[in-house]
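Quick mapping for you: the protein sequence lines, in order, are chains Y and G.
Counting in this note's numbering, the first sequence runs from 1 upward without gaps.
Counting in this note's numbering, the second sequence runs from 1 upward without gaps.
Hints listed in this document are in silico derivations from the structure and should not be mistaken for laboratory results.
Treat the hints with care, since some could be wrong.
Claimed, not checked - Derived pair list, reagent style DSBU-like, types lysine-lysine, alpha-carbon separation capped at 30 Å:
#1 Y:Lys-425 / G:Lys-13
#2 Y:Lys-424 / G:Lys-57
#3 G:Lys-57 / Y:Lys-362
#4 Y:Lys-135 / Y:Lys-362
Claimed, not checked - With the Cβ distance kept under 7 Å, some of the chain G side facing chain Y (calculated, not the full set):
#5 Tyr-4
#6 Tyr-14
#7 Pro-15
#8 Ser-34
#9 Cys-35
#10 Gly-36
#11 Val-59
These numbers were taken from a predicted model, which means no experiment stands behind them.
Idealized CB from N, CA, C, for every residue including glycine.
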Amino acid sequence: MFDINNIREDFPILKRRVNGMPLVYLDSAATSQRPSQVIEAVSEFFENHNANIHRGVHTLAVEATEMVDKAREKVAKFINGETDEVIFVRNATEGINLVAYTWGRENINKGDAIVVSILEHHSNLVPWQELAKEKGAELRVIDADNEGKLILNKTGKVKSITGDGFAIKIGGLDELLDGSVKMVAVTAVSNVLGTITPLEQIAALVRKKCKALILVDGCQLVPHRPTDVKKLGVDFLAFSGHKMLGTTGVGVIWGRREILEKMKPFLYGGDMISEVRIEKTTFAHLPNKFEAGTPDICGIVALGAAVDYLNSIGMEKIQAHEEALIDRALKKAKKLVEQGEIEVYGPMTAKDRAGVFTFNVKGIHAHDSAQILDKYGIAVRSGQHCGAPIVEHFGQMAMARASFYLYTTIEEIDYLFEKIPEVKKVFRI
Amino acid sequence: MNDYKEEIIDHYKYPRNFGVLEEPKVTVRENNASCGDMVEIYARLDEKKRIEKMMWKGVGCAISTAAASMLSEKVLGMNKEDLERFGEKGTIELLGGSINAGRMKCATLAYRALIKVFE
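Only chain Y is shown next, with the shape it has when bound in the complex (with noise of 0.2 Å):
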C-alpha cells in the first residue's frame, strides 16, 4: 500500500529546515529528492565496485560492466522497451540533441516540415530550430488553447510567420501534417502546466497523414505514471533520471531498434567502436554505438537503484496520489481565484493535469513570490522554466510553479495555500 510517511522516511532531505520552517519541497519538476536507497547505491558503487567499464578483465571492471548493464535492463523493462534500445545520455536534452544531429540531419531536408508544439521545454524546440535554420526545413507548431491544451483539430486560420532563418506555421495539428512532415516532437506532460497531452491521438493522426517518426519528451511522463513505449506507438521517447529519483548526470534516449540501427552515431571514440584502423573504422551494435566515452556508470547504476524503488512503491499509485494532489490544488486554488487574489495557468481539471500548479499572485512577479514563500520553508521554482512560448502564450513574463511527487502531502498543499496570501501582505497591496 502507499504510506507516505514511509515513503516520506526514506528522503532524508525531507527533515531539513529551510529558514527555521520545515523543507516544504514543491520544485520536483525541476529535480526529484533521492530517497536513502539511490544514495546508498551511490556510495556502496564508489566503495565496493568502482572500476571503468567494457574491457576490462579484471574483477571489479567485470562488476561495474554487469551493474550498468542490470541498470540498462531495469530501465528498459520500466517503459517496456528493450534492453539494447536504451541509450544512455546526459539528459533528457543530449538525448533530443543526439537525434537531432543524426536522424534528423540525415533525413530532414529542404522543402521538409518539422511539427512541436507550443508547450515544448527549450529542449524539445531549440535544437529543431537549428535543423530548420540548417536545412531550410518548415517549424510547424501545434497551438494550445487557453486552458494550455493541445489543438488537434483544424482550426481554419493556420498562421504563417517569418522565423530566424525558417519559415513558421501555428495551427492545429491536423491542419499542420501532410507529407512533408518528417518529425513530430512532442511533450507528453507540459513542464510549465502540467498539461497531458493525447499522445495516442496525436500517434493514431501522425501514422494515418503522414510517414513522420514520432519522438516524445518523456521528462514529466516517465517519473509519475507507468510508461509503455509499446502502447504509446512513438519511435522515440527522452527522458531524465534525475526527475525520477536518480542523480543528475544520466538520461536516456529510447528508440525503436530499426530507426536506431540505421542511424549514425552521434558522438565518435572509444567504447562506440567494433574495429579500429588507421584507415577505417566500424562501429559497434546497439547500444554502444551511441555510447561514446565513459559514461556517468555510478550514475547508470543509481538510477537502475531509483527504478527498483519506485517499482517497489508502484507507479500506479504514485499517480494516484499525485492526482490526489492536483486535485486538492487546484480546488484550494479556486477560491483564490475567484476572489481574484491569484492567476492559475492550465488546465483547471485534473484528469488533463499531471501534479504541476502554476500561478501568480495578482500583480507580483513569481520571482518575489517564490523568494516570500522561501521564508516560510516553501520551495516553489519561479520564471519561465525554460518554456518562454507557453508562458508568452499566456501574456506572462514568468509563472510561479509549485510541483508534486510521491513525497508530497495534502498538508504541504494546504500550507502552501495558506502562505499564498502572505505574498501580498509583504507587499501591502
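Use these hints to put chain G onto chain Y, whose structure you have.
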C-alpha cells in the same frame, strides 16, 4: 524579509523616472533569459559624456524594478569610469546590501544595461 526593505517596496510601487526619454538619447536593453525580465534604458549624455538624465521602461520583479528606479536617481553626473567604479557592487548597496544569491541577476539587470550606454 531581508530582501524587501521599505525602500525597495517603495521604489517598486512608485518607480522613479519610469518612461521614455525624448531625443537626443542612447537606448540600451538587457534581459534575463531565465525569468523574462526586461529593461530598456534611455540616457542622455552631456558634452563630457556624463549621464545627464536617465529614464527607463521594463517589466520585472520588485528587485529588478527597484534597482532600475534607484539607479535612475543615483547615476546622474557619472561618466563611464564613475559608473564602472560604482559597479554591480554599488547597485547591491543601493538595494540595502544583502541580496539573496539567487536574485543577483535581478539586482544587476539595470546596471548591466546601463553600462552599455558608453559602448
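- Non-conforming hints, listed in increasing numerical order: Hint check: 4, 6, 7 fail, others pass.
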